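Please take these sequences and the hints and turn them into a complete structure.
Protein sequences appear in the order of chains A and B.
Quick note on numbering: the first sequence equals residues 238 to 492 in our numbering.
Quick note on numbering: the second sequence equals residues 465 to 672 in our numbering.
If you are wondering where the hints come from, they were derived from the structure by calculation, not from laboratory data.
Treat the hints loosely; a few may be bogus.
In the EDC-like style, the derived pairs of lysine to aspartate or glutamate whose C-alpha atoms are separated by at most 16 Å in a straight line are [claimed, not checked]:
id	chain 1	residue 1	chain 2	residue 2
1	A	K352	A	E409
2	A	K414	B	E526
3	B	K503	A	E409
4	A	K383	A	E472
5	B	K487	B	E526
6	A	K383	A	D483
So the derived list for chain B, only partly shown, Cβ under 8 Å to chain A, looks like this [stated by the list, open to error]:
id	residue
7	P505
8	V507
9	G587
10	E591
11	L592
12	V597
13	M628
14	V629
15	A632
16	D635
17	E637
18	S638
19	F645
20	F646
21	Q659
22	A660
A quick note: this is a predicted structure, and the numbers were derived from the prediction, not measured.
Backbone N, C-alpha and C fix where the C-beta goes; we use that ideal spot for every residue, glycine too.
Here are the chains, one letter per residue:
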Amino acid sequence: MNTLQHRVGPPYIHTTTWAIAYVPAADPGWTCTLHVKDRPGEAHESAVSVPTASKPTRIDGRRLRSERTKQLIIEAYLSLLRENPVVPMPTAAQIAERAGYSVRSVFERFPDLNKLRVAAADYGLAQAAALAPPRNVDGDRKTRIKSQVETRAGTCERGVALWRVLVFSVTEDDELKHRVRLARERTIERLEVMYRPELSALSERDRRYMLIALEAITDHESWARMRELHGLSFEDACAVWIEAIDRMLPPTPPA
Amino acid sequence: MVLTKRPTAQASGVDGRRLRSLKTKQRIIEAYLALAGEKSPLVPTAAEIARRAGYSVRSVFERFPDIHTLQVAAVDFALTLVTPSAPPSATDRQSRIRSQVESRGRSCERWLPLWRSLIANQGESAELRQRVVALRQWDVRCLASIYGPELSTVSDGERRQLLMVLEALTDIESWARMQEFFGLSFEEACSAWMQAIDRLLPPTPARA
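Laid out in structure tokens, this is it:
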């Protein structure tokens, strides 16, 4: 992938229900916008806690098609990963076939499969931010816990296959390490936002330990074990987290 | 890594030739474990294992038809080393929490590289996957035993849920994150777990 294109490239536009305006996580001024129904002018900004770029980029048709191809290749990779998680990197031929392009098209856009993995990580981060904005931040304790848990559960459910690949590939790739760190930081930030009233009652040290413990409990692998090993439904697994977080958090101070 | 539990003639009741063969096998397993820990999550090659064990590659393959068989044998051997620690002599809640956390923290520090190697390389191997599950179940049984008094006060369903959460909290990767990502020392990481476990557990029932 051309580095310059990668950094300032236009959004990836999904052709179906969701469209994720995509700018890589490595770009300090990145924005993440959730478009509904893929119609120009009907974009709904999501309230994600990341800085926004100054102006939307205007893009021509050819460039847009190229970006669509890129996105379809990433999605093909992700769908192969979800289908067969024990194969962390399908072959270029499999990815090309799934995406409906030639192997050459894959390598024109991603010079090697590591670059594709990094792009998939950026796509996953953008998707997580777009599809999981904080909700009910000002709600009562029960509402906030339920909201945070359901949002986090959705992120884990969608992203665990890719997450496993990233976590076990970080030793080979500093770009991936950066993205895994970013994802964890965002999880912690979200916990801080959602449980601000309860956390404010703790000393700095205890607050830090509390966030560390909450992050551990609501980790991707914790979710995956509840679903895969213990056979819990989505709702039952959410109930486990809700109960645990309610036990963990100190009493909510009066408003 | 210092490993123990090597076979002895007395212990296994076998002749000298067979004992030598068992010792060779054992040295190969130990070489594999040491290298897997050092190279984690990469799998060492047969040549590297042979060199470390002081044998030829042929000797390795005479005892293990492929690396996967060696991996399974090595995990089984490692499992014998993860012996349950004696139940804490103190019975009060805080002492039990501290004892469990410190023991778990030491275990995580010791086994993290091998665990990562196992997880990263289990692939489609049913044998390795079974062992991963067995290790997790073993962790849960330890938690159930140590926190038996507190868990006895809740329903079966709630007990099961609490054990899932305690297992997630004290997962080996959770320990690794506290040190690698959050930069906590051993003591700080123990404190973070102790605080969380104390909050999660129901009140300790009064002793009969």
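To see whether the hints hold, each was checked on the structure:
1. K352/A with E409/A: Given that 16 Å is the threshold and the Cα spacing comes to 12 Å, the pair holds.
2. K414/A with E526/B: Since the Cα atoms of K414/A and E526/B sit roughly 40 Å apart, the hinted pair is violated (cutoff 16 Å).
3. K503/B with E409/A: Given pair K503/B, E409/A holds - Cα atoms ~12 Å apart, limit 16 Å.
4. K383/A with E472/A: Judged against 16 Å, a Cα distance of about 11 Å means the pair holds.
5. K487/B with E526/B: holds (14 Å)
6. K383/A with D483/A: holds (10 Å)
7. P505: For P505/B, the interface hint holds, since the closest Cβ of chain A sits about 6 Å away, which is under 8 Å.
8. V507: violated (13 Å)
9. G587: Since chain A brings a Cβ to about 5 Å from G587/B, closer than 8 Å, the hint holds.
10. E591: Since the shortest Cβ distance to chain A is 14 Å, the answer is violated.
11. L592: Violated, about 11 Å.
12. V597: At 7 Å from the nearest chain A Cβ, V597/B passes the 8 Å test, so the hint holds.
13. M628: holds (6 Å)
14. V629: With a minimum Cβ separation of about 4 Å from chain A (threshold 8 Å), the hint on V629/B holds.
15. A632: holds (4 Å)
16. D635: D635/B check passes; min Cβ-Cβ to chain A is 7 Å, inside 8 Å.
17. E637: Nearest chain A Cβ about 7 Å off; hint holds.
18. S638: Status holds, d = 4 Å.
19. F645: Check passed: Cβ of F645/B comes within 6 Å of chain A, closer than 8 Å.
20. F646: At about 6 Å, which falls below the 8 Å cut-off, the nearest Cβ of chain A leaves the hint on F646/B intact, so it holds.
21. Q659: holds (5 Å)
22. A660: Status holds, d = 4 Å.
The earlier numbered hints that this structure contradicts are 2, 8, 10, 11.
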